[in-house]
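Order-wise, the sequence lines are chains A and B.
Its first residue numbered 5, the first sequence is counted upward by one per residue in the numbering used here.
Its first residue numbered 90, the second sequence is counted upward by one per residue in the numbering used here.
No wet-lab data here; the hints were simulated from the structure.
Treat the hints with caution; some may be incorrect.
Said to hold, decoys possible - Per the computed footprint, the stretches of chain B lying under chain A, defined by three or more beta-carbons under 8 Å from a beta-carbon of chain A, are:
{"#": "1", "stretch": "97–108"}
{"#": "2", "stretch": "355–369"}
As the list claims (entries may be wrong) - Here are the simulated DMTMM-like pairs of lysine to aspartate or glutamate, each with C-alpha atoms no more than 25 Å apart in a straight line:
{"#": "3", "chain 1": "A", "residue 1": "LYS23", "chain 2": "B", "residue 2": "ASP215"}
{"#": "4", "chain 1": "B", "residue 1": "LYS233", "chain 2": "B", "residue 2": "ASP263"}
{"#": "5", "chain 1": "B", "residue 1": "LYS264", "chain 2": "B", "residue 2": "ASP215"}
{"#": "6", "chain 1": "A", "residue 1": "LYS125", "chain 2": "A", "residue 2": "ASP85"}
{"#": "7", "chain 1": "B", "residue 1": "LYS233", "chain 2": "B", "residue 2": "ASP245"}
{"#": "8", "chain 1": "B", "residue 1": "LYS295", "chain 2": "B", "residue 2": "GLU375"}
{"#": "9", "chain 1": "A", "residue 1": "LYS23", "chain 2": "A", "residue 2": "GLU218"}
{"#": "10", "chain 1": "B", "residue 1": "LYS348", "chain 2": "B", "residue 2": "GLU134"}
{"#": "11", "chain 1": "A", "residue 1": "LYS140", "chain 2": "B", "residue 2": "GLU94"}
{"#": "12", "chain 1": "A", "residue 1": "LYS23", "chain 2": "B", "residue 2": "ASP468"}
{"#": "13", "chain 1": "A", "residue 1": "LYS23", "chain 2": "A", "residue 2": "GLU223"}
{"#": "14", "chain 1": "A", "residue 1": "LYS125", "chain 2": "B", "residue 2": "ASP245"}
Claimed, not checked - Going by beta-carbon spacing under 10 Å, a handful of chain B positions derived as facing chain A:
{"#": "15", "residue": "LEU92"}
{"#": "16", "residue": "GLU379"}
{"#": "17", "residue": "LEU382"}
{"#": "18", "residue": "VAL470"}
Owing to the predicted nature of the structure, the values given are computational and were not obtained by experimental measurement.
Even glycine gets a Cβ: it sits at the ideal position worked out from N, Cα and C.
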Amino acid sequence: MSFIELSNASKVYQASEDKYAALNNISLTIGSGEFVAVMGPSGSGKSTLLSIIGGLSRASSGVVSVDGIDLTGLGPNRLADFRREYVGFVFQSFYLVPYLTALENVMLPLAVQPRVNGTRKDRALTALGKVGMDGKSQRLPSQLSGGEQERVAIARALVNQPPLILADEPTGNLDTRTGNHVLDVLAGLHAGGHTIVMVTHNEENARRAGRLVEIRDGEIVNERALPLDKGPRDALHVRPEGPECADVCKFVFRERTRAIRLG
Amino acid sequence: MNLIEIAAHNIRRKKGRTFFLISGLAIGIGAAVALTSIGDAMNREVMHSLDEFGANILVLPASEDLPLSYGGLTVSAVNTGGRMLTTDDERRIRSIQNNQNISTIAPKLLVVAKIKGKKVLVAGVDFGAEFRLKKWWRLSAGMKPDRSGDILLGRDAAAQFKVSPGDVILFGKDKLRVSGVLDSTGSQDDGLLFADIRWVQQRFNKGNAVSLIELSALCSGCPIGDMVSQLSSALPGARVVAVKETMELKMQAMHYFHKFSLGISVLLLIVAGMIIFFAMTAAVRERVQEVGLFRAIGFRTGHIILVLLTEAFFISLLAGGVGYAIGIISPRFIAPYLMSAYNLTFPFNPLLAAAALIASVIVGLAAGIYPAVRASRLDPVEALRML
Numbered sequence: 005m006s007f008i009e010l011s012n013a014s015k016v017y018q019a020s021e022d023k024y025a026a027l028n029n030i031s032l033t034i035g036s037g038e039f040v041a042v043m044g045p046s047g048s049g050k051s052t053l054l055s056i057i058g059g060l061s062r063a064s065s066g067v068v069s070v071d072g073i074d075l076t077g078l079g080p081n082r083l084a085d086f087r088r089e090y091v092g093f094v095f096q097s098f099y100l101v102p103y104l105t106a107l108e109n110v111m112l113p114l115a116v117q118p119r120v121n122g123t124r125k126d127r128a129l130t131a132l133g134k135v136g137m138d139g140k141s142q143r144l145p146s147q148l149s150g151g152e153q154e155r156v157a158i159a160r161a162l163v164n165q166p167p168l169i170l171a172d173e174p175t176g177n178l179d180t181r182t183g184n185h186v187l188d189v190l191a192g193l194h195a196g197g198h199t200i201v202m203v204t205h206n207e208e209n210a211r212r213a214g215r216l217v218e219i220r221d222g223e224i225v226n227e228r229a230l231p232l233d234k235g236p237r238d239a240l241h242v243r244p245e246g247p248e249c250a251d252v253c254k255f256v257f258r259e260r261t262r263a264i265r266l267g
Numbered sequence: 090m091n092l093i094e095i096a097a098h099n100i101r102r103k104k105g106r107t108f109f110l111i112s113g114l115a116i117g118i119g120a121a122v123a124l125t126s127i128g129d130a131m132n133r134e135v136m137h138s139l140d141e142f143g144a145n146i147l148v149l150p151a152s153e154d155l156p157l158s159y160g161g162l163t164v165s166a167v168n169t170g171g172r173m174l175t176t177d178d179e180r181r182i183r184s185i186q187n188n189q190n191i192s193t194i195a196p197k198l199l200v201v202a203k204i205k206g207k208k209v210l211v212a213g214v215d216f217g218a219e220f221r222l223k224k225w226w227r228l229s230a231g232m233k234p235d236r237s238g239d240i241l242l243g244r245d246a247a248a249q250f251k252v253s254p255g256d257v258i259l260f261g262k263d264k265l266r267v268s269g270v271l272d273s274t275g276s277q278d279d280g281l282l283f284a285d286i287r288w289v290q291q292r293f294n295k296g297n298a299v300s301l302i303e304l305s306a307l308c309s310g311c312p313i314g315d316m317v318s319q320l321s322s323a324l325p326g327a328r329v330v331a332v333k334e335t336m337e338l339k340m341q342a343m344h345y346f347h348k349f350s351l352g353i354s355v356l357l358l359i360v361a362g363m364i365i366f367f368a369m370t371a372a373v374r375e376r377v378q379e380v381g382l383f384r385a386i387g388f389r390t391g392h393i394i395l396v397l398l399t400e401a402f403f404i405s406l407l408a409g410g411v412g413y414a415i416g417i418i419s420p421r422f423i424a425p426y427l428m429s430a431y432n433l434t435f436p437f438n439p440l441l442a443a444a445a446l447i448a449s450v451i452v453g454l455a456a457g458i459y460p461a462v463r464a465s466r467l468d469p470v471e472a473l474r475m476l
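Next up, chain B with everything else stripped away, as it sits in the complex (with noise of 0.2 Å):
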């Protein structure tokens, strides 16, 4: 018989006030650990969707030039001075060490050409890579390009060139066909021409050069400085810039999830110590006589503290381990019937379950140390007189 089996003599004692107390805390930590996961699990699609989103970081030339705007983007001048970025550089972009997290790499050369006496912006691309990375396109007619002679075209532009899929525009001697018309964007790109880019560098004599490349990085793992960093290093004499307005909203859509869950889950937390609180207070007056017999025979201050805070000790734990399993497997029955737009997935986080573990023995022990150092200091011979 020492102090912690008297404490595990109490919690098996009085089962149905360990049930409530463990009940009342575990529901806390599991409905904490619920929120934190949805939060989490939530976090992760977004930001998977919102890497896959559109580019979010751009590779320029560098230039002392004013900068020009490229499909609301604020681009440097291209084609000036500065060493030109070719095709050649997205082999260097897939050697930097965080290269598991580039999702898109999307190459560009914009050239001005004369069609029908009339200038117009061609953009060399690739199209499966400018596809992945605008998500938003969609052809009001036609199809996508799947040859080295097909042009896609800007709603603007197939208006202003009264062409349709199907119908031929003549570059000099060669002839291109037009695949198809994207629906309105709303972006520079509603004016543009879009070709192969393989075609226009030969065509326009550029070599391999390119204008700039857009890179769409999963970002949710790394840090898009140490990436900006590590594409300036692998690219000497190119301008890497991370665009900041996709990473701002991205960082704001983790923030707001993590305070909302973070939020109620303190606030969860709090309620589940005051139930503890309350509770064990409940629980040593019930128990004073046994306090006062135990001080009577020579137990010392502390060690009527131990006893107590051992108690709260085992239930938290316990409570904790039961909040925990709550939170983890509540979110797969709940989550598909609440969130089905969402492909939410909850894999065991073991930092979340020590988290989860760590915060109940904190909140159980917080909330039993008031009424245990209450019950130490009672006088033994008042606490045996209260039968």
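Next comes chain A alone, as it looks inside the complex (with noise of 0.2 Å):
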């Protein structure tokens, strides 16, 4: 069964008069556990892909549904309950909070979770611990290298235990060995039973995922299944207790038990 279902879906921006299709009947489905890339060239809709499926905006036509939940049918604030309980997004400009330490960036999205197991401080520890920040949970974003901060970024994206991670461009703004250390981590999440929609430019990139799909001009023009590339997974195991990858690697992703449906 998809988790995630696309039916004829259609963005379209108006501007005074003008009207500019950002995606154009689209249909896709993804199922639970997969790993998939999205490639095109800018401004081909990859990022309003990514919005509408994660319920930061809404299809203009066309149904989008994750889990069951048919997003075209939920107000702002059932978006907002839906985007806390199962999605974790990773943005390509990071968007910590700069007054906020590490810890506490990653501890945001529990300040509105009504009901969470354990100390919230023990969960956000545990999620920079995924992805080998627990060492450095008291420093402001500003102390912290580019590859950190995508890093915290993801511990945020996670610490809820959301079973859709969406990443736009995590590694648009990162070196290319920072970069390989981010895919080290999403992999590590993917292994754990994590569904991954990457957003990429970069076709090396999206070799780690396990389908590719293409977009040109809000439409998708190619998917393909992709062999899964091992040399990153193979270099993590080579490197467990290296200080990027860290615990990533031991991570398991709890079964997801989650009860709350919403809708």
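Take the two lone chains, each set in its own frame, and fit them into one complex as the hints suggest.
Encoded structure:
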């Protein structure tokens, strides 16, 4: 059964009398636990696709559902609940709150979580531990490198244990080496059972996924399965105690037992 | 990390902005508190002065006759019908519930006498009480009466009888010494002779009767109507009248200061509210991306509003406290220079402190609600794009 389903989904932006279709009748299904890379040139609609899957914006037409929840029928607050319960976003620009420490940034999604197992701080420290950042939990974003900031952003994305991770060019602002470490982290999350949809410009990065979806002018022009790139995974196993991967390889995503169904 | 902690973090982070917001609102609140304090202090002072400035309650014998005029005040006809007042009534007056508000009791016995073949109105008074009541009395010659046989004359009466201090006036067998002559008052007092009330009662065989009793009531802390009704109950058969002119003057003075300070305070609070509004709108604009992130990770619109209004609440609460301190301390330094004519005091007023805090919080929240609601409605995708 598909976890994410888009059926003839379109997204049209309107500025005064000009209309611009960012997505045009897209149909796509993604299964639970898949790692899908979305590629395409700038302005092709990759980020828009991610935003409507994640409930950040609404499709202008068609159906978008995640785990059987029709997102097109949810109001703004229900969509916020959906994002909180189902989605962890990883952005290219990290979007860490500058006046909060790494730990506090990771705790942010828990601030509005009605029920939390254990203390919020322990949960956040655990998430930081998964990305090897527990040693720098008290540092402000300005005191962290780009790669470290991205890993904190990933910890924030997974602190709620969401089934779906949406990464929008997570290595876009990082050098190759640091970018690879971040991809290692995402691969580790995928191995732990998360469904991951990653937007990227970089074909090499896309090879880390199990499936590639190519978009051009708001339409899917190509979709193919990829053999999982073992290189970085092997490298990960070669350096299990490395400062960049830390506990990621040990991380086993707990079975999703979420009882909260939205809608 | 909860929503309140997020708000507290942001307040601490933006120290300059927080200081600016607190200062702006605190100055507004402080000025409003200072004005109210000064207004209240001046009001108390003026009320006190007015309380001491003549009678504001008259106790008269009940009468069905037409009223007579005395001292510019309209009084009932005296000595006719009804129960005569006596000096014992003073004790009854002292027994009313609001007796602590009674400043002066000045009984009077009015009799008509003939001196040197001319009729004259003699007022038997308690000189101590009378001088306390009529602070405008000034002696043009002589001194205040200090013994029972002394007599005080109004200016016109002294001129008519051609007497001056030290002269003796004969009342039948009694000799009375003119102790002093009053300066012109412009009232009926100018044509009167004032003698000790006990001597008048004895000389004219009036027992302990009095014609009327004038009261000066300190009524800034009591409703005059209550005192009138208490006095009426304590003095059956007497008529108790509030002198409206005096009271209205007092009330007018009180309302004037209150309205003035209230008007300026409201104006200042509106200005302070506008400062908060524009500063918070600018702050929200500055934090669009942060708000977008909050929305992206699952904050509901209510959560965003709560975070921003919590900030406004803490800032305005602090501003209220600082503003009250400014408003209560600054008049102590300003008043001696600007209002040296008044003896003003500025005691701690818990009600004013509470009002300052509440007003500050209301202004802060009212000014913050629009930017907060606007922020909560930001499209998260648009907000995150704003780099």
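How the hints compare with the structure:
no. : hint                : verdict
1   : 97–108              : holds (count 4)
2   : 355–369             : violated (count 0)
3   : A:LYS23 - B:ASP215  : 98 Å, violated
4   : B:LYS233 - B:ASP263 : 20 Å, holds
5   : B:LYS264 - B:ASP215 : 19 Å, holds
6   : A:LYS125 - A:ASP85  : 21 Å, holds
7   : B:LYS233 - B:ASP245 : 18 Å, holds
8   : B:LYS295 - B:GLU375 : 89 Å, violated
9   : A:LYS23 - A:GLU218  : 23 Å, holds
10  : B:LYS348 - B:GLU134 : 17 Å, holds
11  : A:LYS140 - B:GLU94  : 21 Å, holds
12  : A:LYS23 - B:ASP468  : 18 Å, holds
13  : A:LYS23 - A:GLU223  : 16 Å, holds
14  : A:LYS125 - B:ASP245 : 94 Å, violated
15  : LEU92               : 6 Å, holds
16  : GLU379              : 6 Å, holds
17  : LEU382              : 5 Å, holds
18  : VAL470              : 5 Å, holds
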